[in-house]
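Throw the hints in and build the complete structure from the sequences for me.
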Amino acid sequence: MLDINKIRLDFPILKQKVYGKPLVYFDNGATTQKPQCVIDAIVKYYTEENSNIHRGVHFLSQTATVAHENARESVREFINAAHAHEIIFTRGTTESINLVASSFGKKFIQKGDEVLISAMEHHSNIVPWQLICEEKEAVLKVIPFHKNGELDIAAFENLISERTKIIAVTHVSNALGTINPVKEIIKTAHAKDIPVLIDGAQGIAHTSVDVQDLDCDFYCFSAHKLYAPMGIGVLYGKEKWLNAMPPYQGGGEMIQTVTFEKTTYNELPFKFEAGTPSVGDVLGLAAALEYIISIGMDNIAAYENDLLEYASSELLKIEGIQIIGTAKHKAAVLSFLIDNIHPYDAGTIIDRFGVAVRTGHHCAQPVMDILGIPGTIRASFAFYNTKEEIDVLISAVKKVKEMFA
Amino acid sequence: MTIQEIENQIIEEFENFEDWMDKYNYVIELGRECPKIDEKNKIDNNLIVGCQSRVWLSAEFIDGVIIYKADSDAVITKGIASLLIRVLSNQKPQDIIDAKLDFINYIGLKDHLSPTRSNGLLSMIKQMKLYALVFQTKTMNDK
Numbered sequence: 001m002l003d004i005n006k007i008r009l010d011f012p013i014l015k016q017k018v019y020g021k022p023l024v025y026f027d028n029g030a031t032t033q034k035p036q037c038v039i040d041a042i043v044k045y046y047t048e049e050n051s052n053i054h055r056g057v058h059f060l061s062q063t064a065t066v067a068h069e070n071a072r073e074s075v076r077e078f079i080n081a082a083h084a085h086e087i088i089f090t091r092g093t094t095e096s097i098n099l100v101a102s103s104f105g106k107k108f109i110q111k112g113d114e115v116l117i118s119a120m121e122h123h124s125n126i127v128p129w130q131l132i133c134e135e136k137e138a139v140l141k142v143i144p145f146h147k148n149g150e151l152d153i154a155a156f157e158n159l160i161s162e163r164t165k166i167i168a169v170t171h172v173s174n175a176l177g178t179i180n181p182v183k184e185i186i187k188t189a190h191a192k193d194i195p196v197l198i199d200g201a202q203g204i205a206h207t208s209v210d211v212q213d214l215d216c217d218f219y220c221f222s223a224h225k226l227y228a229p230m231g232i233g234v235l236y237g238k239e240k241w242l243n244a245m246p247p248y249q250g251g252g253e254m255i256q257t258v259t260f261e262k263t264t265y266n267e268l269p270f271k272f273e274a275g276t277p278s279v280g281d282v283l284g285l286a287a288a289l290e291y292i293i294s295i296g297m298d299n300i301a302a303y304e305n306d307l308l309e310y311a312s313s314e315l316l317k318i319e320g321i322q323i324i325g326t327a328k329h330k331a332a333v334l335s336f337l338i339d340n341i342h343p344y345d346a347g348t349i350i351d352r353f354g355v356a357v358r359t360g361h362h363c364a365q366p367v368m369d370i371l372g373i374p375g376t377i378r379a380s381f382a383f384y385n386t387k388e389e390i391d392v393l394i395s396a397v398k399k400v401k402e403m404f405a
Numbered sequence: 406m407t408i409q410e411i412e413n414q415i416i417e418e419f420e421n422f423e424d425w426m427d428k429y430n431y432v433i434e435l436g437r438e439c440p441k442i443d444e445k446n447k448i449d450n451n452l453i454v455g456c457q458s459r460v461w462l463s464a465e466f467i468d469g470v471i472i473y474k475a476d477s478d479a480v481i482t483k484g485i486a487s488l489l490i491r492v493l494s495n496q497k498p499q500d501i502i503d504a505k506l507d508f509i510n511y512i513g514l515k516d517h518l519s520p521t522r523s524n525g526l527l528s529m530i531k532q533m534k535l536y537a538l539v540f541q542t543k544t545m546n547d548k
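In order, the protein sequence lines correspond to chains A and B. Letter by letter, the first sequence follows residues 1 to 405 in the numbering used here. Letter by letter, the second sequence follows residues 406 to 548 in the numbering used here.
Bear in mind the hints are in silico, worked out from the structure with no lab data behind them. Please note that a few of the clues may not be correct.
[As the list claims (entries may be wrong)] If we take Cβ atoms under 7 Å as the criterion, some of the chain B residues that face chain A in the derived model are:
| hint | residue |
| --- | --- |
| 1 | D478 |
| 2 | A479 |
| 3 | N524 |
Virtual Cβ for every residue (Gly too), placed ideally from N, Cα, C.
Below, the structure is given as structure tokens:
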């Protein structure tokens, strides 16, 4: 059992009032709040440890380098990667996917080849692939999903062809909440020697991730959706792929030797980390991981599932509520519509109750087009949320119904 | 009435509201009564795409003044659009170009016009002024 009252004290922002009402923060799918230990880690870094890392012989530089590389080891452990050098620090999920699309694409995608994504992807797992497909004259193919938000696995198997070079799917849909059967997808793909990239932006915060058990070739996530700072993220890649891929950006850190005739590249992970890394944020991420481990990912998942079930059943008691995304396996992401009320209208009123929800297409426009809706209202939960907060949302929803009746 | 006079009138109306709910109820009411754009003009050419809600805007130049009509898929957006129309419609192009539209700040709906709201309203104001500029240029050329 989680002691939620105690946990809430760890997140200073949750004490806030908005419009004179206690803040109810249900926009965790967009970004999560940060516990004090993460804030402290960043402050400590800039107060006591700030120094540019690697290649510095002085004391501070060495301290910062060790801390930075220890953080890499923490990430490795958190997702159970085989090697720390398979962990590449990026700016976030978007940059991680762009790195793979560009770098893997440059080497392995040729004219007429195919890239397979799903129809429930976030724009960040669509556009980078469109860019490389356009450049290489390759074809982007899309796995459809059923009305309830589950991927059409039969269609997926039919879409794989001899030209499929890579498959990129999301672990958890940010718009529908669906937890995709990524392990099975990877197994099917590997039977045909096709690598798989998993967009873990939503998955990482709601489920335990073991990249070796999943056997994924790439796993991408953002730290800020995992109680850590903004502007830092992770690309996990299997050593064999990362070694085979050309560098993404050029600059410091990523080189071995530079002459004007020829530059040789540094080994993993530095080959993909050009420029000065965001050391303070990396240390913030390490602090967040330690915090999450102390609470326990399985405890978090179970508690969030309780919240999801409670919110879903309370919402459905209200006439005219339509839940968008009713897959059997869902993470704590709850998209819904109230009668025919536009999400923008609903969100404006819900906001006045101090409840932060997100409205719109959630950067997954194709999902909304397929379902024929302008967008949804999305409440996404974290382990610091409570059933009492869900009750506030429910009364706000009732008020919306009243005002727009 | 001049643009400034209408703005003052709206500010006065909003001063009567005691809380946010009354205010939004009024905006919702305005949204429902908004001079709707003719169905034939509800075309992509007149569409101002916001990230959150969509706004259609049409403009006609009749007897030296511009007549605006608008519609939106969101009622609150439409309500605010109708306030903008009340202020700017039936006015001369030059007056529309010069309008500062300060009333939005005074009635506490400024948030809806922030660039990050992306509900199409900010683009709507830009588009209204652009129409004014076009009609103004046209008038000058005709003279």
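Results of checking the hints against the structure:
no. : hint : verdict
1   : D478 : 6 Å, holds
2   : A479 : 4 Å, holds
3   : N524 : 6 Å, holds
Consistency note: the structure conflicts with none of the earlier hints.
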